[in-house]
Every structure is written in C-alpha cells, then in structure tokens.
Amino acid sequence: MATAVAELIKGAKAKTVDKPISQWDLAWARLRRHKLAMFGLVSLALISLACILAPVVAPYDYEEINLNSSYLPFFSPGDAGRPMHILGTDKLGRDIFSRLLYAGRISLSVALVVTILSLLSGTLIGAISGAAGGVVDTVLMRFTDLMLTLPQLPLLLILSSSLRQFVQLQEFIGSNLSVVIIIFVLVVFGWMGDARLVRGSVLSLRSQDFIEATLALGASKMRIVFRHLIPNSLAPIIVAGTLAFGSVIIAESALSFLGFGVMPPVPTWGNMLNEARNSPLEYLFVQALSPGFMIFVTVLSINFIGDGLRDALDPRLAI
Amino acid sequence: MTNFIIRRTVQNVVMLFFISMLIYVVLNLAPGGPFDTLALSNPRITKSMIDRLNRLLDLDKPILPGKYCPVDNAGQPLPCRFDQGRYIRWLQRVIAGDWGESWTMQKGIPVTRMIGQRLGYTFLLMGLSLVVALLFAIPIGVLSAVKQYSITDYVATTLAFFGQSMPTFWTGLMLMAIFAVQFKLFPTGGVRTTGMEGDIIEALTRIFSFGKKYPELAGREFAAILDGLWHVSLPVIVLAFFNMATWTRFTRASMLEVLRQDYMRTARAKGLVERVVILKHGFRNSLIPLITLLCLAIPGLFGGAIITESIFSWPGMGRMYIDAVANVDWPVVQGLLVITATLTVFANLLADILYAVVDPRIQYN
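From first to last, the protein sequence lines stand for chains A and B. Read in order, the letters of the first sequence correspond to residues 1 to 319 in this note's numbering. Read in order, the letters of the second sequence correspond to residues 1 to 365 in this note's numbering.
Read the hints as simulated data drawn from the structure, not as lab findings. Positions of the beta carbon are idealized from the N, C-alpha and C atoms, including for glycine. Incorrect hints may have been included.
Keeping only pairs whose Cα atoms sit at most 27 Å apart, straight-line, the calculated DSSO-like set for lysine-lysine is [to be verified]: (1) LYS91(A) <-> LYS184(B); (2) LYS61(B) <-> LYS47(B); (3) LYS270(B) <-> LYS147(B); (4) LYS107(B) <-> LYS61(B); (5) LYS147(B) <-> LYS35(A); (6) LYS107(B) <-> LYS47(B).
Computed list of chain A residues with no C-beta within reach of chain B, every gap over 10 Å [unchecked claim]: (7) LEU31; (8) LEU44; (9) ILE52; (10) LEU67; (11) GLY78; (12) ALA80; (13) GLY81; (14) LEU120; (15) LEU124; (16) GLN170; (17) LEU197; (18) PRO231; (19) PRO236; (20) MET263.
The whole structure should be built from the sequences, with the hints applied where relevant.
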C-alpha cells in the first residue's frame, strides 16, 4: 500500500517535471500521421540532399562537354573508364544526371530565397495594414488588389526581359544577373497572398481579449504586432509559404523554359527543358523526361507537405 | 444591387487607370525603341537620325505628366515646357479605339486587327479545354465528395495533386514525345496539315456567316474542322488536365459543404431516393460557388495560354504575346495586356453579381 502510494506520487512528480505539450508538438504528431506529407518530407529531403551534395554525388561535372557522345539514350556506358550516363547526355554530350543535380541547386535555392523574401515582405505589409487600419490600410490593400489583378506571367516576362537590358546592372552584378533578376521579379509578384492572409488574421486577432490585455499593460504597438499578432498568425503563414515554395519552383521553371529566366550556362530544371524542346524530335523524350520529372516530384512533395501542414496546424482538430 | 454595381464599376475604372499606368511604365522602363534594330542592321543610320524618328513617335517625351525639354532637329535645346506625358496620350488613343500599329512583327498592321486574327484560335483552344476539364472534373469531384474517404476519393484527390504539380510545359513536351513523335497519333503542332486548304477557324467562320466568308471552302468545311480538332487535341488535353485539378478539388469542397447542410437531411427525411437527394438537392446547390471560378476563367479564354500555345505552335494570343515580347513589339504587348487586365477586373465584378443572383442570401450594400 505504502509503496503504491509512493509510486503514484513519484509518477505524478515525473509528470509535472515533463515538458508541457506545446501546440508545435501536437502539430508534429498530427503531421507524422499524414502519410502523404511524410512521403513528401522524405522525398524532398532526399532531393535536396542529393542537390547539396552534387559535387560528391554527380558522376560528371555539369559543364563537361563531350561532343562525341551527344544525345545518348538512358543507361549509356561512358567513355573508357568513365561512369555510366544513367539519364543520357544532352546536345553537347553533357551528363544529364549530373546537370539535374546542379540545376536542382539553383532551382531550389532560387525558390527558397523567393519564398522567404515574399513571406517577409508580405507579412510586413499585411501586419502594418491590419494593425494600422484607416488610410494606410486602404492604400496598401488597394495596391495589393491591383497587383493581384495584373496578368502575372505576361508581366514577369516583360520585367525580366527589360531588366536584362540595363547595362549598368550587368556590370554591377556580373554573370549571375539572370538569377538575381528572376528572384527580384518573382518576389515583386509573390507577396500579395501572404499580405492578405496576415492582414486578415491580424484583424481577427486584434479584437481579441488578450490583445486588449496587452494594450492595457502598456505594450507598444510595435511590440503587439511583432510579439503577439505575427506569432499568432504563424500557422496559416507557414502553410501558405510551403505551397508558395512549390508554385515558385513552377514559375521559375516556366520563365526559364520560355527563355526569360535563368540563362545557360547556369543550369536549372526549366532551362534544361528549354534545351530539350529545341533538340531534334526523336530525342525529345529522353531530354525532357528527367528535368520535368524532378520539377514534378519536388512540387508534388511540397504540395503534400503543405496539405499535411494545413491539417496539422489546424488547432480545431484533435490529434 | 444597382448601387453596388455602379460603385464597383467606378472603382474598377479607377483601378484600370492605375493598372494600365503600371503596365505602361514597366514596358517603357526598358531602354530602346522600335528603331534600335534599324541602327543595328544599317551602320549608316546615325544617332541623330534615330533621335529624330523617336521624336516623330513622341518617344522623347516624358512617360508620366511632367517637364519636357525638347531638342530641335539640329540638337539645339529648346525652352522647357509642361507635357501631358506619353501615358495619357496613349490612353486617350486606346479609349478612342486606336491601339496603335505593330512595330516589328507585322510592321504597320493595326494591333486590333492582329488580335482579331488570333482570337478565334485562342477561343477554340481555351474553350475546348475548359469544357473537357469540366466534363471530367465535376462528376469526379461530386463522386469523391459523396464517397468521402473511399478509394475513389483517394484516387481522385491524388490525381488532382498530380495535375497541380505537373507543369504544362512538361506534360506538353511529354505528350508530344509520346503521342506525336513515338506513336504518330497526333501532329506535333500547328493548326492544319500542310496542303490542307483552310483551317478549322476559317471553316467555322464560313459556317456561321452562312457561306459569305471564305467562299472557296465550300464543301470542305467538315474536313477542315476534323483536321483542326485533330491538331488541337494534344494542347487541349494538356490544358484540361492542368485545369481539372483545380476544378475537381473545388467541386469536391463545395459538394462536401452542401452535404453537411440541414436541407439535405430534410430531403432524406421526407423519403426521397438518395439519387434525387444528391443530384437535385445537393449537386445543384454545389454548383453555386463554381460560378466564381467560371467567371475567373473568362480572361484566360481571351488571353490564351502562353506556354501551351508556344509548345504546340498554336497561333493564339498567348503565342503572339511571347513573340511580341521577344521582338520588342510594345504596341502589341500593351494591347494584349490591357485586354487581359480589363477582362480580369470585370470578370471579378461579374462573379460577384452572378453570385448574388443565384444565391439570394447574399446581399451587397
């Protein structure tokens, strides 16, 4: 009897010592049970890892030209003593598999930078708009509406083609100009959704009791926005950001595919597809299959993760 | 309601003013004009000759209203004065119906006529792909909502994810590589087989004008239409598959929402057959939110699909747009952008109005 009580007390003590379960732990527990999201996480992790480790993993250098072996099919043996061309070679005899990995570095990092920058600017604009209200809100939101109404792809084409013509910019930034331009252009057209989202959630939070309590305690407006409003609207921002990451990959590839994005020799999945399109028709299948498949798998994984996160971060749902 | 429409129309016009200004400014940010290629191809053309040509087109004036310091033909500065700017000047002409003439693609041809030539092709491609997408997406969406969490639902949802994640430039190239190059079932692009007289649009024009236009096509319309449908198949499949994803998910969500309503239970309680409950009470109400999506598809019907049209060399508005950008043909680009923006703005308004018409619970004040 006495030992049982002692154990009970010990158990209770142990329980109080345990870290409390936070919202994030709950979300993670929910996400883990979402099979598709887990599949997405694993495959995205594998793809990113392979791309980051490209110099180690890739059998060839991405710029290594071998004009004697152009347009080789899948699983072609390399020259004497060289590794196999698993996914064949392109017009200049460059190993497609190696190029895919290096291209992934550019595609993924461009998408990451664009997503982060648009999230930051969107969150800032949305938070200011929601917290300030009045004229500031009206002006910012009308501007957001205006940006949303603009035809996106057409203007992306124009913007990136006209920015490229500024010679001073070219001298200032150098050979990676097309990468910088595409990041800039995609951010310009990428922040509106986040801004609306954050504004909406700030507006709905603003009238809640804990904000009034914070105000009564004498917190400044800045503190309320950055310590209370933004952290509390984080869940929808994370979901939107994840899904945006996928659509930015598609947007960048589309621009590069059309020849208005990242320019060769820097490879991206999009401009590899552009080169595939310009290859003789009988080689089209081999040339186009793998770069597009990488885009597809990456974006699919991200969409699965986004869907899982949407469910996982919804506090109304139980585990 | 009338008040709402008037207020929104005025707002939209103001909005369009700023949108077109933004478009105009962005387009004119780029250095260079229509005569730069002239200087490249002919070394005897001097800088001052180009300047004079630019002055003829008002290209030396400021973009937005502001100070203008003209230079005469000898290069001597003249006194500065106020100028209304190129944007206002351009806007006045656009409103009056003068959309300018092509600079480079079809030099001297009015932009409106160029657009007119392309409109039918884009309309056919986009319209067909919308219809095909709806024909598949709505039944699939309804079915996967009615049988939520069933195998059908999982397959449909996964397919929708696939459709959303496959970029059209990849599906387009793959379908072309497989069905056009490998199996030779479809053509790789274009509107008609070489040697065919007349294409599908010309044949349709002839039919709808009762033989007044394209009289030379008499008796061959049917062949031309079939040939056109054969050519449009692959691009239609590409676009329909991509759109299906959105439509399926939307239909499913809307149907799920309806299935939860009390009137569904009422319909069942009064003893209606499940099929009638689902189709007459459920399905019809679930279509209401789809109206919004349908209205938002309107600008695309006219604007075309840049990527798919250029992969399959379809002579629509999307392909004309990208050619115009590549050839620095700003009047064409401006014309197309203005059309798309105008349609987008008013399609939004139309969506709001129709939404209130079909659902009397919605009121705008």
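Query raised in the report: Which hints, by number, does the structure contradict?
Result: As far as the earlier hints go, not one is violated by this structure.
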